[in-house]
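Protein sequences appear in the order of chains B and C. Residue numbers are given in my numbering: position 310 of the first sequence equals residue 310, and the series is strictly consecutive. All you need for my numbering is the position in the second sequence, starting with 1, plus 1000.
Heads up, some of the hints might be wrong.
What the hints assert, rightly or not - Here are the in silico distance ranges between beta carbons for each label pair:
| no. | chain 1 | residue 1 | chain 2 | residue 2 | range |
| --- | --- | --- | --- | --- | --- |
| 1 | C | S1187 | B | R379 | 45 to 51 Å |
| 2 | C | S1219 | B | P475 | 45 to 51 Å |
| 3 | C | D1114 | B | P475 | 44 to 50 Å |
Keep in mind the hints are simulated off the structure, nothing from the lab. Model, not experiment: these values are computed from the prediction. Note that the Cβ used here is the ideal one computed from N, Cα and C, for glycine as well.
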Amino acid sequence: MKSWRLTLAIARRELRSGLAGFRIFLACLALGVAAIAAIGSFSRAVEEGLRADARLILGGDLELRVAQRGASDEQKKYLESLGQLAEIIELRTMAHRPTGSAADPSLIQLKAVDGDYPLFGGLVLQPAISPSEALSQRDGIYGAAVEDLVLRRLNAKLGDRLTIGDAEFEIRAVIMREPDRGLNVFAIGPRVMIALDAVPATGLLQPGSLMSYNYMLALKPGGDYRAVEREIRQRYPDAGWRIRGIDQAGGSLRLWVDRLGSYLGLIGLAALLVGGVGVGNAIDSFLVERRRTIAALKCLGASGALVWRIYIAQLGLLSLLGVAIGLAIGAALPFVAAPLLAGILPVDARVDLYVKPLALAGLFGLLIALLFALWPLARARAEPAATLMRGDAVETRSRLRLVDYLAVGAVASIAVAAVVLSAAQRSVALWFVVGAIGTFIAFPLLARLVMAIAARIAHPRHPTLRLALANLHRPGAATVTVMLSLGLGLTMLVATALIESNLRTQVQQRIPVDAPALFFVDIQPGQMAEFDRIVAAAGGTGLERAPSLRGRITRIAGKPVNEVDIDPDARWAIDSDRGLTYAATPPAGSRVVEGQWWPEDYRGAPLVSFDANLAKSFGVKVGDTITVNLLGRDIEAHIANLRVIDWTSLALNFTFVFAPGTLEKAPQTWLATVKARGDAEEAVYRAVTSKFPNITVIRVKDALDAVSSMLANIGLAARLVAAISILAGLLVLGGAMAATQRRRVHDTVVMKVLGASRRRILETFVLEFAALGLVTAATACALGSLGAWLVVTKIMNMVWSFPISVALLTALGATAITLALGLMGAVGALRQRPLAILRNE
Amino acid sequence: MIRLRDVYLELSSAAGPVNILRGVDLQVDAGETVAMVGPSGAGKSSLMMVVGGLERATKGGVEVAGRNLAKLDEDGLATFRRDNVGIVFQGFHLIPTMTALENVALTLEFAGADNAFERAAEALRHVGLDHRLKHYPAQLSGGEQQRVAVARAFVGKPKLLLADEPTGNLDGATGRAIMDLLFSLVSNSGATLLLITHDEALAHRCRRVVHIADGRIASDNLLAA
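Chain B on its own, in the form it takes in the complex (with noise of 0.2 Å):
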């Protein structure tokens, strides 16, 4: 106790001399920590507006959802007798302007709700009318609430006509907002809202139609969901519904948000990384400038011990005041982004001071000062006194205790331990320690390689090239430094920029050739005939079909979905309705890789052919059972192959693909594809859409366009979170020049005196800050590169390119920025006058 007391009178004395050499370490601190609680606290704020609105966005307490067919009169008289029922019919389809129109049909979505619905109100519609308003039939016609990108695909305002089927409908008004809409990310459509008494005239309802029926239920006051739910379960324990309780609202969404803000945690970590860099320079800078004062505490009669304890209590406050200052700012930001992202966000983000975001990020921020310091310290620590009187051209090096690696291993493993444990996806984020790990051990390694080879090169007769060359090994050179310093920002932003590139490229450029250009869905058996030859006709080529059911996997291996263990990331193929088909021949683009395919005219019990990544991810081989629930029937079929599907060759695929002899009598509709270039795809499309309103049809490159702009905007995500690190970097990078810009001046003069030329002193500068610069980019090219190819080729399980552009705009980045760094500090060195600088020393 009195030890302590001693300790902390001495660190208050030596903290008189103020902040000013800790601005950096400040700095540094307070950037990494305000990222990661912004993100944290801006992520857990979308959680709480989705717990908050949970019955605005699920639409109701309980939410059933089946395929095709809706409940049958029995059904919805018990669901009524649990609360209040809204019924919705939503499908995909095409919207027409009425004939003479110049507009295009345009794919929408289709949403046909019954007078209860919504539930819970929340819906905006603009002009502000009420839904039954807005849909309800007047003068003959039934109305229509429309997105505004509906109007501006189909030419039309308020007031227009459009086509659905066989219907028309009246626009009336503009949805603004619809709560219950959830999180479209891959939506290619614009939602077209409509009366559900209005759907039968449309001609739509065909059986095996691609259509769900949802029944949101509002329970009566009391009603536990979770109750209710267990009740509807036992009622009808073969329905087929998908069930959903108001704690699952938002799912998809919730799933998003959480990945999402997890991989951007995980990047502002990466920037808190970089800045620990700044953390255990200033530490050092800050132990060299005391080292008279620790040797002097030395010989007055200070251990080494009373010594670490000082100077751990000083950086300790002063991790506190940096870990501080960016929870401040972290705490902030949500609040200034969340009217920024407003219109952005399918639901309203809760805004608020959240205890657990802030105290991960202090959590982290104070691990990563106390990492940094721990070294700098245990050095100082073991440095007798005379050597502390030493000048610091000469690096001292004093052996380390057992316990200072000890120490230095404990709060790396804590470190690392609140890292992956905090993370929504622990195999991501213990990669991400593997790598930042491997890249802070890669970067001092590599530089001190350059060093090496800059050191052993031959002396080049020139000069300027020798000193350039020189400076980059000697005693005290900032290799290692810059190289760490911005290195790992670079690597982060190579890496990110890559990923994001090949996922782009994947998705614009890797489409083959021959890939289909229109997907036609909802084509009824007894159009096929008509269809082809009106395809023909428009010059479509290589038509291709298949029969298509939807059915929700109910067993695995005959034990029920919800009991058995599967990868959360194959989850999404058990929460929603599976595309099937059946087919006597493999489908193109996927290949049998265990098992064997049937015979042609096979007619024995159901078999089926399954994804191979998803048979391993369920955990089931060749002979287990799948259970498919089939419009209200159980269908189990013994699993004959494994395929490994290529979804990127756009061809008919399906994830389950059963033998001929099970299917074929249930109601279906087809699937088709056709390939048509230039004006064939429009003449093509004009013809299908005219003649069958009920067909729907996607273009390849629409569904592509979507897919992209949602990529660009995690990317800018992404890329905003990794520049924080470079920013991090920069800091880093610019208290490593002020550090050594004292002796940078002091060279300079002397190189005067001797009779250099300031263009010669120049040119020394550019040459090293250059070489320097390009190393790092080269180093962070490499490793980014690395890091993106096992993302891409190992966990996406993607084909690799490699964008030359990403790599030069890198290397020239990081030249510029060393340059302009280096150059400063050089010009700055240049224009002190000689006098003072002789005189002073």
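Starting from the known structure of chain B, arrange chain C on it as the hints suggest.
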């Protein structure tokens, strides 16, 4: 070698302009050894900086080694120093991140000499440091560092050697050894020496003693040989 006519030097400071030199007239012939003595702050070092082209006179004529320094720009002055002047400082002013050999070779490298490192090694051998070529300044004693500085000042065979209290940071014996070395090199090379010192005995090893006080030459005495 040196011709100063009515030289003034005014420097700005936080408290306003300070007149460092106030009308200095001085002529030094080639091969002369001149000691400059006087109290601290009298303007000795500033006068030396003006002679070495490290500071520009505010007023007056400065001609060194036949060159009018007022007419040279900063790079011209750098070349002038490289070709004509060697300087030894009290604080050594070696570049701490360069070895002894690199420090000495620097002037020759700037002059584009082919055999800079051989000549630098030779110069270091001459001052008795051939076993310290690869050492950094911090690995050398004060006397050794000053010997490196002397080798650096002489390696380019300068016509003029400026020495600003070269023994000020050294103990008596080491200081004497350095001065013996310095005078022997001056005498062998025939260079002109301008030596600032507080040490009367040292000053009397020169042929001429100039006393500076308050920015002016107070006395200028030729000593008996």
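- Message: Taking the earlier hints as the rules, which of them does this structure contradict?
- Response: Of the numbered hints given earlier, the structure breaks just one, which is hint 3.
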